[in-house]
Amino acid sequence: MTNFGNYEERVKNFSWALSEQELGYKPGQRINIGWYCSDRVCQLGKAKKVALIWEGFTGEKKIFTYDDLRLYSNTIAQFLTDLGIKAGERVCLFMDRVPELYIGFVGILKTGAIAQPLFSAFGEESLFIRLENAQTSAIFTQKKHISKVRKIRDRLPHLKHIIIVDYDGKSPLQEREGPFSMEGSKKVEHYEIYPTYAETPSVIHYTSGTTGMPKGVQHVHYSLISQYITAKWVLDLKDDDIYWCTADPGWVTGTSYGIIAPFTLGVTQCVLDSGFSAEAWYKFIEKNKVTVWYSAPTAIRSLMKAGDEVVKKFDLSSLRHLASVGEPLNPEAVNWSIRVFGKPFHDTYWQTETGCIVITNFPGMPVKPGSMGRPFPGITATVLNPNNYEPYPEPGRIGLIGLKPGWPSMMRTYWNNEEAYKNKFRNGWYLTGDRARIDREGYFWFVGRDDDVINTAGHLVSPFEVESALLEHPSVAESAVVSKPDPINMEVVKAFVTLKPGFSPSKDLELDIMNFIRKKLSPLAMPQEIEFVASLPKTRSGKIMRRILHAKEWGEEIGDTSTLENE
Amino acid sequence: MDELKEIIKNYVINEYLEPDSEPIDYDTPLISGGIVDSFSMVSLKRFLENKYNIQIPDEKATPEAFDSVNKIAELVRQFVKV
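Those protein sequence lines, which keep their order, are chains A and B.
FYI, in the working numbering the residues of the first sequence are 4 to 570.
FYI, in the working numbering the residues of the second sequence are 4 to 85.
Hint data in this document are derived by calculation from the structure and do not stem from the laboratory.
Take the hints with a grain of salt, since some may be wrong.
[As the list claims (entries may be wrong)] With a straight-line cut-off of 27 Å between C-alpha atoms, the simulated DSSO-like cross-links for lysine-lysine are:
1. A:510 x B:63
2. A:189 x B:48
3. A:487 x B:8
4. A:487 x B:48
5. A:49 x B:74
6. B:8 x A:503
7. B:74 x A:427
The structure presented is a predicted model; accordingly, all values stated were derived computationally and were not measured.
Construct all of the structure, not just a fragment, from the sequences and the given hints.
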């Protein structure tokens with residue numbers, strides 16, 4: 004029996020108040036995600052239950068109970084309060100998947116400050132852009148990442164505290180730096196949690212668009228209402244589950260469903276702080292007897308590539324529910340998982356902006372391989388005519404996925420960018436930027452993006468950001484960045500480049516530019532191919548026509564070229 | 004000293020490690036240890052292909068095959084006499 008039950012019944016009887024009641028929340032009362040993740044679970048009698056099983060790449064293992072989570076998050080919250088961090092200030096988490104990342108997130112929310120998790124593989128420029136935009140006051144990081152922070156520190160006057168969680172005293176601390184040992188500090192039994200309310204900001208996650216710099220998606224503490232009930236119904240999390248969300252908390256899946264939802268539900272979750280390897284992943288599932296596994300298409304396709312034989316070496320019989328997020332899950336991957344695990348991966352669709360799953364294949368319902376599934380109860384989703392932003396009245400038409408705003412975890416704004424936020428709405432619909440069609444049974448089928456944003460391994464990369472960075476390479480005169488198809492990552496970044504006089508195309512120059520972008524922005528943003536060209540296609544007004552380059556990469560019709568400069 | 008392994012190790016140190024990082028040896032886990040991720044592996048593969056004028060097929064370029072200097076050297080030696 005699933006938590007979800009019957010779709011039609013759930014839709015008919017749904018109200019977000021149902022989730023509020025289960026959480027014991029009444030409108031107007033205080034609501035703090037940090038308290039829900041730890042103190043409340045302890046008060047429900049689960050203080051000794053394991054909250055987090057953490058394993059590092061060397062095999063080192065740490066186990067934290069819900070009481071540990073409560074005490075350590077109190078300790079972190081008190082540490083921040085003692086530093087003078089006030090409610091509303093932004094506190095960044097820039098770390099690998101270490102316990103301090105998960106527990107620190109909970110601790111930050113207890114202070115009323117806004118948590119700003121950032122992917123630890125970001126290069127210094129990507130880090131700088133996001134810290135500067137958020138005017139971040141403090142950053143938690145590790146020794147291995149401190150040099151990136153040091154390179155940009157002087158340009159960040161708002162950054163008052165650089166906190167190193169694994170400082171070993173081997174090299175001297177520098178300006179604004181301080182050590183903090185979560186497990187070495189005196190545990191704080193009582194911490195006065197800041198009185199946050201439904202609309203108090205909680206988290207900022209940065210996401211990329213076609214134009215402009217990355218945007219800070221701002222969520223509020225009330226988002227918990229959506230995250231809790233979607234995790235319970237879609238991930239089917241139950242009290243005795245061992246849950247593994249493979250997403251990094253630098254991205255929204257890793258916080259909504261890697262911290263907030265599982266901890267609020269009081270389930271045991273495990274984390275593997277290690278790079279990908281099929282054997283290591285299967286071994287981790289076997290060892291921890293994982294029951295619910297939330298992963299991503301890129302990882303699933305990488306497992307497929309590793310072959311069926313390796314699966315047979317492990318006992319994976321504990322697995323009972325599988326789900327996926329990040330990019331469309333191809334039918335082959337669903338069918339493969341049925342063959343090797345005896346159960347399908349359930350595709351879930353949502354975005355940083357939506358804060359929670361909005362369209363999904365539900366447990367207990369037939370999975371249509373390749374389909375995104377159906378809207379979550381309480382979510383009004385449709386496919387809009389791109390010309391007038393009206394829903395198509397009949398199924399089968401391809402249009403823009405639109406969502407009726409109003410669910411609890413919908414973003415409240417883009418940080419310091421209200422104009423970009425307003426631009427996301429038309430005719431009363433939130434525009435996701437994705438295109439799809441709906442079949443006669445109400446299942447959504449993903450078609451593609453409606454813009455030039457590149458979805459690589461489930462992460463959005465802005466072509467504009469990569470193009471801007473490319474221009475800083477001494478050899479690059481002009482650049483255009485598009486996606487190209489990739490069997491594992493769905494899309495990867497490809498750059499077209501014209502060179503300045505005195506530079507000639509070569510394999511070594513291509514590698515040099517690739518590494519330049521990798522270090523400056525991130526490995527995700529690194530072009531996996533650079534094509535040196537004599538000129539780029541432009542409109543007569545001089546605007547680069549990415550559309551033409553994109554069409555060539557994807558083998559599509561180039562379309563109207565009447566505005567092309569050289570036509 | 005094995006020249007091939009030294010070249011690979013030095014490239015990893017210069018390109019993927021931050022200053023003040025822990026030293027690595029030929030057996031340090033690179034992929035599982037989070038030093039080189041799956042995206043960065045593309046640039047490491049490209050370096051080896053350029054340097055030794057070889058083509059490493061995608062099916063051979065697995066996270067396991069790139070997980071240490073020793074394993075990478077073993078892979079490269081399948082394609083070139085170094």
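Hint by hint, here is what the structure shows:
1. A:510 x B:63: 21 Å, holds
2. A:189 x B:48: 47 Å, violated
3. A:487 x B:8: Not satisfied, since the Cα-Cα distance of roughly 33 Å exceeds 27 Å.
4. A:487 x B:48: 19 Å, holds
5. A:49 x B:74: 46 Å, violated
6. B:8 x A:503: 35 Å, violated
7. B:74 x A:427: 48 Å, violated
The structure is inconsistent with the numbered hints 2, 3, 5, 6 and 7, although it conforms to all the rest.
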